[in-house]
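Chemist: Residue-level listing of the chains:
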Amino acid sequence: MSAAPTPPLPPPTPSPMDAPSGGEDRFKLRGWHVALVASLIGLFLLFYQGLWGDPSAIPTVLIGTPAPTFSGPTVVDGSTFDLSQYRGKVVMVNFWASWCQECRLEHENLLALYNQFRTNPDFVMVGINYQDKLEDARQYLSVYGSPFQQVRDLKGTISIDYGVYGVPETFIIDKQGVIRHKEVGPIVGPDYNLLTERIIPTLLQSPGPSAS
Amino acid sequence: MTRTAFMVVALLLTGSWGALPVFAPVEARAAQVEETALDDQVREIAKTLRCAICQTENIWESQSVLAAQMRAIIRERLKAGETPDQIKAYFLSRYGDYILMKPRVRGWNWVIWAGPFVLLLIGGIMLTRTLSRWSASAASTPADPLPPLSEPSRKRIDNELRAYDQ
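Those protein sequences? They're chains A and B, same order as listed.
Just so you know, the first sequence maps onto residues 1 to 212 in the numbering used here.
Just so you know, the second sequence maps onto residues 213 to 378 in the numbering used here.
Check before you lean on any hint, since a few could be wrong.
What the hints assert, rightly or not - Once the Cα atoms are required to be at most 25 Å apart in a straight line, the calculated DSS-like pairs of lysine-lysine come out as:
{"#": "1", "chain 1": "A", "residue 1": "LYS182", "chain 2": "A", "residue 2": "LYS89"}
{"#": "2", "chain 1": "A", "residue 1": "LYS155", "chain 2": "B", "residue 2": "LYS300"}
{"#": "3", "chain 1": "B", "residue 1": "LYS300", "chain 2": "A", "residue 2": "LYS182"}
{"#": "4", "chain 1": "A", "residue 1": "LYS133", "chain 2": "A", "residue 2": "LYS155"}
{"#": "5", "chain 1": "B", "residue 1": "LYS314", "chain 2": "B", "residue 2": "LYS259"}
{"#": "6", "chain 1": "B", "residue 1": "LYS291", "chain 2": "A", "residue 2": "LYS155"}
{"#": "7", "chain 1": "A", "residue 1": "LYS155", "chain 2": "B", "residue 2": "LYS259"}
{"#": "8", "chain 1": "B", "residue 1": "LYS291", "chain 2": "B", "residue 2": "LYS259"}
{"#": "9", "chain 1": "B", "residue 1": "LYS314", "chain 2": "B", "residue 2": "LYS300"}
{"#": "10", "chain 1": "B", "residue 1": "LYS300", "chain 2": "B", "residue 2": "LYS259"}
{"#": "11", "chain 1": "A", "residue 1": "LYS175", "chain 2": "A", "residue 2": "LYS89"}
{"#": "12", "chain 1": "A", "residue 1": "LYS182", "chain 2": "A", "residue 2": "LYS155"}
Treat the hints as calculated values from the structure; they're not laboratory data.
Construct the complete structure from the given sequences, taking the supplied hints into account.
Modeler: Rendered as structure tokens:
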């Protein structure tokens, strides 16, 4: 056995291969970072919509499609209202119920809107009484007033035909019988202005069905 | 638990009272069988449609008036001879994709259906790349040339080895 002291091994020199590959890694990771951040933002938006958006808001598919025709007994005297009699007119269909608080909120506006267009022979307004008792509906109308026709939706067939899932909902049908506008919730504020100043006047001015 | 209990009771009842319908008039029984078949069909369709006002429930389970009216419509349309697909298409045309418990794979819906698998694929690719980079760097380390052995060290190793052999 040799007792001679040996000098320690020199420290290993760093391999020249490491430095450039490290830099390359960092560059590639940056590309991934962008993708990662973009997808995280996407996920966040998805969760935002899912958690804080209105889950009861159903995008309508009926705009631009022919308005389902309907007929039914009126609230006031039970005589038959038939939408097909009003072909070629601009029809505003308003779904409401006596138990619906938001319907009371818009009722004043409905009356004002009716008064604004009632002299135009091409304008028709009809209310559809939704999931209601006849006495309650009559009571409501006698209190709040109703100068236009009101139809009872006995089995919910009219509402479901119009894809209604709550009240109030309002549809505007043009002279060709196509649904042009849908309003979910009460017609108040800017919604009221949009209807009375833009949508209804424009549709009233447009020409009626030519061939039919 | 309650469901099982209910089924046991129902089984017992049908077991002990199963003989009774024999005495019912044949026409009545036939009508009953038809009604039950119709109910089954209504249930099958109603289970695929979402209650528009209660979101998480289908219209078979929902207690809402709207759901009841929808079930009645399904029933009437079945009686009128429509197929389940025609009835579903009707509700789809009124309420859009929203009404389906299982929305169609179409348009933007593709993102929701394919998204998890795409993310899984991206994750897998990233994992493979990282792992291969790790293993590549691990493999390259021992391949680095060691510094040459100094002369005293070599002598010492030789000495040690010789001492060990003896």
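Chemist: For every hint, state whether the structure bears it out.
Modeler: Status of each hint after checking the structure:
no.: 1; hint: A:LYS182 to A:LYS89; verdict: holds, 17 Å
no.: 2; hint: A:LYS155 to B:LYS300; verdict: holds, 19 Å
no.: 3; hint: B:LYS300 to A:LYS182; verdict: holds, 23 Å
no.: 4; hint: A:LYS133 to A:LYS155; verdict: holds, 12 Å
no.: 5; hint: B:LYS314 to B:LYS259; verdict: holds, 10 Å
no.: 6; hint: B:LYS291 to A:LYS155; verdict: holds, 16 Å
no.: 7; hint: A:LYS155 to B:LYS259; verdict: holds, 20 Å
no.: 8; hint: B:LYS291 to B:LYS259; verdict: holds, 18 Å
no.: 9; hint: B:LYS314 to B:LYS300; verdict: holds, 12 Å
no.: 10; hint: B:LYS300 to B:LYS259; verdict: holds, 11 Å
no.: 11; hint: A:LYS175 to A:LYS89; verdict: holds, 5 Å
no.: 12; hint: A:LYS182 to A:LYS155; verdict: holds, 22 Å
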